[in-house]
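Colleague: Residue numbers (the UniProt record's numbering), protein chains in the order written: chain A, 1 to 326; chain B, 1 to 435; chain C, 1 to 280.
Some hints could be false.
Capping the alpha-carbon separation at 27 Å, the derived lysine-lysine pairs in DSSO-like fashion look like this [to be verified]: (1) C:Lys63 - B:Lys357; (2) C:Lys63 - B:Lys189; (3) A:Lys155 - B:Lys416; (4) C:Lys67 - B:Lys291; (5) A:Lys155 - B:Lys415; (6) B:Lys196 - B:Lys171; (7) B:Lys244 - A:Lys272; (8) B:Lys196 - B:Lys415; (9) B:Lys349 - B:Lys42; (10) B:Lys308 - B:Lys171; (11) B:Lys171 - B:Lys384; (12) B:Lys349 - B:Lys369; (13) B:Lys291 - A:Lys155; (14) B:Lys223 - C:Lys67; (15) B:Lys308 - B:Lys145; (16) C:Lys63 - A:Lys155; (17) B:Lys291 - B:Lys304; (18) A:Lys272 - C:Lys63; (19) C:Lys67 - B:Lys45; (20) C:Lys63 - B:Lys306; (21) B:Lys171 - B:Lys304; (22) A:Lys155 - B:Lys196; (23) B:Lys244 - B:Lys45; (24) B:Lys416 - A:Lys272; (25) B:Lys228 - B:Lys431; (26) B:Lys42 - A:Lys272.
Derived by calculation from the structure, the hints in this document are not laboratory data.
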Amino acid sequence: MHAVDSPATAPPAPIAPSTPDKPTARVRRRRRPQWTPLFLALPTLVLLAGLLAYPLGRMLVLSFQDMQLRHLFSGATPPWVGFDNFTQVLTDGVFWGVVRRTAIFTVVSVAISIVLGLGVALLMQRVSNGVRVAMVIAMMFVWAIPQLVSAQIFKWMVDADFGVLNYAIDQIPGVDFTNHSWFADPTQGWIVITTLVVWAGIPFLAITLHAGLTQVPQDLREAALVDGASPWQTLRTIILPILRPLIVIVTTLSVIWNFGLFTQVWVVRDSKPEQEYQTLATYAFTQAFGRNEYSLGSAISVITVILMLGVMAFYVRQMFQIGDVD
Amino acid sequence: MRHRIAIAAALAATLLGAAACGGSDDSGANDTSAQALDGKGKTIKVWLMVDAQSSWKEVVEDANARFTAATGANVTVEYQQWANHLTKLDATLAGSDVPDVVELGNTEMPKYVFSGAFAELDKGRFENSANWLQGLAGPCELDAKTYCVPYYAGARVLIYRTDLFDAAGIKAPTSYAELTAAADALKAKNAAGSNKFAAFYMPGAYWYAAMSWVYAEGGQIAKKDGDKWTGTLADPQALAGLQKWADLVKGYSSGDVTKDESDQAAIFAQGQSAMFYGNGWEVGAAQEQRKDPNDPNSELVATKVKGKVAAAPMPGIPSFLGGSNLGVAAKSQNQPLAAEWIKYFTDTKAQEALLAKAVLPNATNLLDKAATVKGNEATALAAKSSWFVPMAEKWADVEKAAVLQQMLRDIVTGKKSVADAAAWADGEIEKTLNG
Amino acid sequence: MSTPRSQRSRAGTVAANTVGVLFVIVMAFPVYWVLNTAFKPASEVLSFTPSFFPQHPTLDNFKSAIKAPFFLVDLRNGLIITTTAVAGAIVVGFLAALAIARFRFYGRRALIMVILGVQLVPLLALLIPLYLMLNRANLTNSLVGVSITYLVLILPYTVWTLRGFIAAVPRELDEAALVDGCGRWQTFYRIILPLTGPGLVATSIYGFIQAWNEFIIINTLNNPETQNLMAWLLQNQTNRGTAWGPLMAGALITSLPVVVFFLIIQRNIATGLTAGAVKG
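Only chain A is shown next, with the shape it has when bound in the complex (with noise of 0.2 Å):
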């Protein structure tokens, strides 16, 4: 088949993002019926309004109402308060406080699971294949472990008193780590929180580049190595560039995933996170179900997602580059 030849020898689109036969296809593809992506695309559509738009809806419109447990039990229509949730929201500094750490542990926790996510993909290719097998089967074995799961490993290893850590660091002579507390300090909290999520996180990270890593072409390797290129310059200029359709996509999911951090709190907090512990889905749950105040929750809910779509904006547009060039 003539398909066969074609990937080897054109030279793989993002590295030439800008060949001349890029008009040319947009003038193709113009010419194709309308129709038919959209009757593709329907299903999805059907399915995702089907279920979400109510929800949605209800959660837009309570962040403009004041509804307490009776309205809910009742049915009754709370009263309309205009935008006074979202001021009310705005001008608390604990949620600003739940914001910034809320950024913060996401930007650590992304960018630690992709550089050692990639870090682990590359060693894959290294390693002899009994090592690869092992490193695979580890990661299966962590993949599989339910999030509500592992987040209750976690904290029953660092239980300060029948915990596995605390033990294994006291048996360091002269170092008295009995009855270490690491929730009573929130930086070393958090440093427990990060490495449970980024610890879960790089199976998924180093699978998935892995498979990516796979379809750099081996000749192009081998031609960059022939040409006396270091592993560093091979890395940057030929295995970034390929890879980094897949790396912008796993790094924006990373992100959603991340800043929506909930379960691994809430478990390791015991269902009652301390304010240095919040984070905007913690806080959220807590102000909606805990508190029963349905309408901040929702207003939350809302300033969530409009901060997200800002912080979303720079990758929305790395995927629009990308999906030009395709």
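Since the structure of chain A is already known, use the hints to place chains B and C on it.
Modeller: Below, chains B and C without anything else, positioned relative to chain A:
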């Protein structure tokens, strides 16, 4: 623009209206005493907390059997987790397919009673209702009407190691001064060579305990002036109580100060603590555990401190009266049957069966009987000198937001002074209760 | 480049292997600790001096977990719900991904924005309206309602990721196929589908994990007879302290089938990828 707003409003009205069209009909007090109930072919759904499943399932089954024999109706019991039951309850009560009977902790109850979640009940139909414990029945009352039925209670007592007390030549303390003296003696004798040893194990986020110290000094958590709540933890008496409690934690406890009381029995069972402040059932839990925690009939396995543990009322410290209540959902289609089931589940026969499970009964006349059951003597005594949280609609929100835990952690970790932490908590409590 | 290439890479492999083994140890330690805890009797689980091996290994925790109410029912439910949600999301999502990756049409950007935007919404904020909606449709306490919910939950991710995998198939390939006289469906079957096969598998793994691990929604929507194993695990914590032994045993039982499934699929990913690269 105006047009758009009108559309939005209409849309919202439709959405909310649609949500409201469940099966709710405005029913007042259910009058069930007159007619004989025929529940043939009907099934009522009961939501109990997990304690009933793990500790007194046979009491539930017995009540079900008697109920079914009398009415012909069947019962499905679903057991809920304390950690997330309110979220599920809120969503469920907003819909139309609701449980007929719901158990709630007594501090959680007021919010739901105020919000109209429960149907009015005829108090006189329930056995011992004239003698219900105030800490349980109080949250059930609103405008002289009754909306729930007390189920069981719990009180906290001093639990201590008899062998360590004997070795130190001391007896169970009868005053707070004796308590600290005992703690000093135990610490002097046992603390050397072990940094896990606690003369008095007291976790830092154990707010039921800390507030007991506050009430002991004549303080309280909050008080109502007119229709406004004022936080009173920064009042001198309350501060004195908090200080005394903090001194106990810092002087005699060990371990993670950010923990709450949930695993104190397990920690005590390690044999490294001489005293702790626990629920009646924790006397047993510290000494033996079920081999299979999911099977209440499995054999008991002794811990390191088996046979060396006793309980006494905590000297000079009133106990928080915790417990659970049962309500009939306002949206229930089977209100008379649901009330009937509660009648069987809270009658004297069922309550007496509960006594053997190291919890306290729902009425004072049964309390004396409880005091004669082995293992319940101290708790029954403790229940007679008890305090309860502020009877405010939104009190449960204070608990949910963990305001008191946060204050206590700030105190014991030294992040804030007692006065600063208490002032902060007062602010949060006022914001919540008046919000 | 004075060192011969083979020698340099041999030294490199040794170093890489060392790092790889260290990585395995670090990653696996918590898993090992679950195993260790699951085989310990209760008296050893709760100990101030935790031992690194069970002194008296026992299967009691596993027996306890399996015997506990609803374990087998919830296991079955979880499998049904997850399979339905993942299969549905893959089929539906693949079509939408194809549209985004291979077509330029009016509303494409809007579609991408919706796909991305939906993922930003904190799901827990929708819990109560979701419950009310499904309750009215008689879909609470049923496997159908929660399956659809999970399908929609993983759908944006599925579309998003599959788009990337489809885009990675060089457009020249299907254009060449079209030129060769393959019809559009033939092009799809013979070029795009085989080449994105590994991507489908990888994407379904993630969907599987999401659906398998969810517990807050299902705990709110359904009763124990129609919940999954995560909600069941939650049930294993009593008010009177967590039963760590049975919890860890339950966690292990819950995870094992998934691990096995993954390991099988992992081989397929690898073969899929090589097949895609070599055979086209």
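Colleague: Next, verify each hint and record whether it holds.
Modeller: These are the hints, each one checked on the structure:
no. : hint                : verdict
1   : C:Lys63 - B:Lys357  : holds (25 Å)
2   : C:Lys63 - B:Lys189  : violated (43 Å)
3   : A:Lys155 - B:Lys416 : holds (26 Å)
4   : C:Lys67 - B:Lys291  : holds (13 Å)
5   : A:Lys155 - B:Lys415 : holds (23 Å)
6   : B:Lys196 - B:Lys171 : holds (23 Å)
7   : B:Lys244 - A:Lys272 : holds (25 Å)
8   : B:Lys196 - B:Lys415 : holds (23 Å)
9   : B:Lys349 - B:Lys42  : holds (25 Å)
10  : B:Lys308 - B:Lys171 : holds (14 Å)
11  : B:Lys171 - B:Lys384 : holds (23 Å)
12  : B:Lys349 - B:Lys369 : holds (12 Å)
13  : B:Lys291 - A:Lys155 : holds (23 Å)
14  : B:Lys223 - C:Lys67  : violated (49 Å)
15  : B:Lys308 - B:Lys145 : violated (47 Å)
16  : C:Lys63 - A:Lys155  : holds (24 Å)
17  : B:Lys291 - B:Lys304 : holds (15 Å)
18  : A:Lys272 - C:Lys63  : violated (32 Å)
19  : C:Lys67 - B:Lys45   : holds (24 Å)
20  : C:Lys63 - B:Lys306  : holds (26 Å)
21  : B:Lys171 - B:Lys304 : holds (21 Å)
22  : A:Lys155 - B:Lys196 : holds (20 Å)
23  : B:Lys244 - B:Lys45  : violated (46 Å)
24  : B:Lys416 - A:Lys272 : holds (20 Å)
25  : B:Lys228 - B:Lys431 : holds (10 Å)
26  : B:Lys42 - A:Lys272  : violated (39 Å)
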